[in-house]
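Undergrad: Residue strings, one per chain:
2 protein chains.
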Amino acid sequence: MKKYYLLTPGPTPIPPNVALKEALPILHHRTSEFAQIYKDVSEGLKYAFQTANEVYTIAGSGSAAMETAVVNLLSPGDEIIVASCGNFGDRWAKIAQSYGVKVISVSVEWGKIVIPAQIEEALKANPNVKAVYTTFTETSTGVVNDIKTIGEIVSKTNAVLVVDTVSGLVGQEYRADAWKVDVTVSGSQKGFMLAPGLSFITLSDKAWKLVETSKIPKFYFDIKKYKKSYATNETPFTPPVTLMVSLLEAIKMIKEEGLENMWNEYKLLAKASRAGMKALGLELFGEVPCEVVTSAKVPEAIGGKIVKTLREKYGVSIAGGQGDLKGKIIRFAHMGYIGKADILVGFSCLEMVLEELGVKIEKGKSVAAVQEVLMGK
Amino acid sequence: MKKYYLLTPGPTPIPPNVALKEALPILHHRTSEFAQIYKDVSEGLKYAFQTANEVYTIAGSGSAAMETAVVNLLSPGDEIIVASCGNFGDRWAKIAQSYGVKVISVSVEWGKIVIPAQIEEALKANPNVKAVYTTFTETSTGVVNDIKTIGEIVSKTNAVLVVDTVSGLVGQEYRADAWKVDVTVSGSQKGFMLAPGLSFITLSDKAWKLVETSKIPKFYFDIKKYKKSYATNETPFTPPVTLMVSLLEAIKMIKEEGLENMWNEYKLLAKASRAGMKALGLELFGEVPCEVVTSAKVPEAIGGKIVKTLREKYGVSIAGGQGDLKGKIIRFAHMGYIGKADILVGFSCLEMVLEELGVKIEKGKSVAAVQEVLMGK
Numbered sequence: 001m002k003k004y005y006l007l008t009p010g011p012t013p014i015p016p017n018v019a020l021k022e023a024l025p026i027l028h029h030r031t032s033e034f035a036q037i038y039k040d041v042s043e044g045l046k047y048a049f050q051t052a053n054e055v056y057t058i059a060g061s062g063s064a065a066m067e068t069a070v071v072n073l074l075s076p077g078d079e080i081i082v083a084s085c086g087n088f089g090d091r092w093a094k095i096a097q098s099y100g101v102k103v104i105s106v107s108v109e110w111g112k113i114v115i116p117a118q119i120e121e122a123l124k125a126n127p128n129v130k131a132v133y134t135t136f137t138e139t140s141t142g143v144v145n146d147i148k149t150i151g152e153i154v155s156k157t158n159a160v161l162v163v164d165t166v167s168g169l170v171g172q173e174y175r176a177d178a179w180k181v182d183v184t185v186s187g188s189q190k191g192f193m194l195a196p197g198l199s200f201i202t203l204s205d206k207a208w209k210l211v212e213t214s215k216i217p218k219f220y221f222d223i224k225k226y227k228k229s230y231a232t233n234e235t236p237f238t239p240p241v242t243l244m245v246s247l248l249e250a251i252k253m254i255k256e257e258g259l260e261n262m263w264n265e266y267k268l269l270a271k272a273s274r275a276g277m278k279a280l281g282l283e284l285f286g287e288v289p290c291e292v293v294t295s296a297k298v299p300e301a302i303g304g305k306i307v308k309t310l311r312e313k314y315g316v317s318i319a320g321g322q323g324d325l326k327g328k329i330i331r332f333a334h335m336g337y338i339g340k341a342d343i344l345v346g347f348s349c350l351e352m353v354l355e356e357l358g359v360k361i362e363k364g365k366s367v368a369a370v371q372e373v374l375m376g377k
Numbered sequence: 001m002k003k004y005y006l007l008t009p010g011p012t013p014i015p016p017n018v019a020l021k022e023a024l025p026i027l028h029h030r031t032s033e034f035a036q037i038y039k040d041v042s043e044g045l046k047y048a049f050q051t052a053n054e055v056y057t058i059a060g061s062g063s064a065a066m067e068t069a070v071v072n073l074l075s076p077g078d079e080i081i082v083a084s085c086g087n088f089g090d091r092w093a094k095i096a097q098s099y100g101v102k103v104i105s106v107s108v109e110w111g112k113i114v115i116p117a118q119i120e121e122a123l124k125a126n127p128n129v130k131a132v133y134t135t136f137t138e139t140s141t142g143v144v145n146d147i148k149t150i151g152e153i154v155s156k157t158n159a160v161l162v163v164d165t166v167s168g169l170v171g172q173e174y175r176a177d178a179w180k181v182d183v184t185v186s187g188s189q190k191g192f193m194l195a196p197g198l199s200f201i202t203l204s205d206k207a208w209k210l211v212e213t214s215k216i217p218k219f220y221f222d223i224k225k226y227k228k229s230y231a232t233n234e235t236p237f238t239p240p241v242t243l244m245v246s247l248l249e250a251i252k253m254i255k256e257e258g259l260e261n262m263w264n265e266y267k268l269l270a271k272a273s274r275a276g277m278k279a280l281g282l283e284l285f286g287e288v289p290c291e292v293v294t295s296a297k298v299p300e301a302i303g304g305k306i307v308k309t310l311r312e313k314y315g316v317s318i319a320g321g322q323g324d325l326k327g328k329i330i331r332f333a334h335m336g337y338i339g340k341a342d343i344l345v346g347f348s349c350l351e352m353v354l355e356e357l358g359v360k361i362e363k364g365k366s367v368a369a370v371q372e373v374l375m376g377k
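First to last, the sequence lines map onto chains U and G.
Position one of the first sequence corresponds to residue 1 (the working numbering), numbered consecutively onward.
Position one of the second sequence corresponds to residue 1 (the working numbering), numbered consecutively onward.
For the record, the hints were derived by calculation from the structure and aren't laboratory data.
Incorrect hints may have been included.
As the list makes no split between identical chains, a pair holds if one copy fits it or if it spans any two.
Said to hold, decoys possible - In silico lysine-lysine, DSSO-like type, Cα no more than 27 Å apart, as pairs:
1. K209 with K94
2. K2 with K313
3. K180 with K340
4. K224 with K94
5. K255 with K365
6. K278 with K225
7. K102 with K224
8. K224 with K297
9. K225 with K94
10. K209 with K180
11. K365 with K308
12. K225 with K206
13. K148 with K225
14. K271 with K340
15. K130 with K215
16. K308 with K228
17. K124 with K227
18. K215 with K102
19. K326 with K224
20. K267 with K180
21. K252 with K39
22. K39 with K2
23. K148 with K130
Just so it is clear, the structure is predicted and the values come from calculations on it, not from any experiment.
If we strip away everything but chain U, and leave its shape as in the complex, we get (with noise of 0.2 Å):
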């Protein structure tokens, strides 16, 4: 009888009136029940990302809406500057290089965050830039890069700012208008708790004038289509219908709870997990943590052994470290459906594994530390 305890930045636990949704009988989506769903969906994800502007469902995974946050603002050939302190920012230029746009990178070192100064920098130096492209939480290291600084920049020059947060949307403060983002992509199996499959996009004005100017071949990405859909809440591709079910009571969930209380609880796990950490004698890596994953320093010759053993002998799943970092670090989610309890299962049964793989631990220290950041003490 194997109990899994999930961990992981993404997917993360699905609470299970979310998840029962998903089983009803499924709705067809040209009618006006599954409109109206549509429709309170929209409304739902526009306070999510604290936006008055219309927000996008596009069926897909979180790239899905990054490749249509790149394909339906840029022309082949144009310049844009790409921000990246880790492997989903690379993404960005990834796709932007598949498309034939020339990528100016301002990009760190994995572990530090992007810095404002260089973006401001690089706008100045390469005035035709049409958009700046950056991400705010960045999983695969566990930082948090400063987008309410960087809009203010950007937004004093004609490109756009285009921020991945599939990761930290609902986990952590954001504010699309507010911080002055133009285009703001996010995925379903993160901070709103669902099953990954759907991906959401949202543009303001200043990023729409592109649109008009865009000339990279597209059709499933095509956001005027989703546009002109989203008049009569409709999608313009079947939609995902038990995901966009089950995604409406999330979001009921989110709205009953508060996106403030919600930043304040994750913020709490995130501090009560560094605090477990130090008290393990690990060393955080990344420069500004995140709240909605805390990584840590691991010894290189049990890196991938403490994954794997958390996982096999307790059934607790927690990440390790991605590209170059794979081994040198192990990444504790706190986003999602993830409750103050998971963060003690997490450090309890760490303590015995660092333990059984002959790291000296004191056994019920980090649990300890982390109660004592729980108990507001």
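Following the hints, position chain G against chain U.
TA: For chain G alone, coordinates are given in the frame of chain U:
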């Protein structure tokens, strides 16, 4: 208390055991457990497609797989033949034209089936044609094309044959390899008895050679990424995990029932539906009716009202016409999880609605005609 009966050509009803799988606690997708599920799903898809080639799963609507079949085979300026007989066939041309591909049309009037001899002539007249794109069952009109004959013709040329089986796969005899089809695309929400959100594609060796020369830019739909990940039972982007888990359950049902038995059952339901339409005095629409949906002409004055009244008064969802056929035909689906009694529900309610709308019918007559066929008399 509203009770719904879904007789639409996608989404189709989902078996309760399949639907419940969607509600199970979510698995992480980079684990051996999920790799095994993906492997089993992929093997099941090979059976459903009747192919020995790999079948890839893409997160998205059916149109996502259609676009994948365009952007991976062609380059801007390439010539293709599109043999369309309806709304979904026309989509091939729209996608291709979005990418600067020259479309040679051998399309026919909606309601007719595409003419293999015209494809043969067009291939002779245009020896540079890279591919022929067509549709298996065209749900917008209710016909089925002779893919076997078209496969014979195209296989003798340098062109590849690409077939959209989104609505027909599992519902009607289709054999990708035996019929010499190079690329087959499909989706989750019709014959597979699942929610929308997954699309599928399989390619022959001949098609893979075209992939090597394709110059249309792509990222999310880059089939090489899917092939590479497939080797380790992974997907290049986060897969819709809950839909994959429920797909495995649906595939188990399909295997247990046997494709041939399923084809025979839908054939019977189609025959019964045609008998029912005739008994109502409604003329069948479509030159060669397919076995997954039955179309019939209705008086234009009440065309839209039939669908609306059926739904609002009796909770029965059927489909009307699309495009120029709006208000002119009704469409009864018998694909996916639709059984004998569902057809009787459809016709018995249709009788009441027709009489309410002033059509002179004999109550019980179409039901009797359906019963006759279902009882094998």
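Undergrad: Decide, hint by hint, whether the structure agrees.
TA: A quick look at each hint next to the structure:
| no. | hint | in the structure |
| --- | --- | --- |
| 1 | K209 with K94 | both (24 Å within a copy, 24 Å between copies) |
| 2 | K2 with K313 | within (9 Å within a copy, 48 Å between copies) |
| 3 | K180 with K340 | neither (33 Å within a copy, 57 Å between copies) |
| 4 | K224 with K94 | both (24 Å within a copy, 15 Å between copies) |
| 5 | K255 with K365 | neither (36 Å within a copy, 53 Å between copies) |
| 6 | K278 with K225 | neither (50 Å within a copy, 39 Å between copies) |
| 7 | K102 with K224 | both (24 Å within a copy, 23 Å between copies) |
| 8 | K224 with K297 | neither (45 Å within a copy, 34 Å between copies) |
| 9 | K225 with K94 | both (25 Å within a copy, 13 Å between copies) |
| 10 | K209 with K180 | within (16 Å within a copy, 47 Å between copies) |
| 11 | K365 with K308 | within (22 Å within a copy, 65 Å between copies) |
| 12 | K225 with K206 | within (18 Å within a copy, 33 Å between copies) |
| 13 | K148 with K225 | neither (30 Å within a copy, 35 Å between copies) |
| 14 | K271 with K340 | within (11 Å within a copy, 59 Å between copies) |
| 15 | K130 with K215 | both (13 Å within a copy, 24 Å between copies) |
| 16 | K308 with K228 | between (47 Å within a copy, 24 Å between copies) |
| 17 | K124 with K227 | neither (33 Å within a copy, 42 Å between copies) |
| 18 | K215 with K102 | both (14 Å within a copy, 18 Å between copies) |
| 19 | K326 with K224 | between (40 Å within a copy, 24 Å between copies) |
| 20 | K267 with K180 | within (23 Å within a copy, 58 Å between copies) |
| 21 | K252 with K39 | within (13 Å within a copy, 36 Å between copies) |
| 22 | K39 with K2 | between (40 Å within a copy, 21 Å between copies) |
| 23 | K148 with K130 | within (19 Å within a copy, 50 Å between copies) |
In summary, the numbered hints that this structure violates are 3, 5, 6, 8, 13 and 17.
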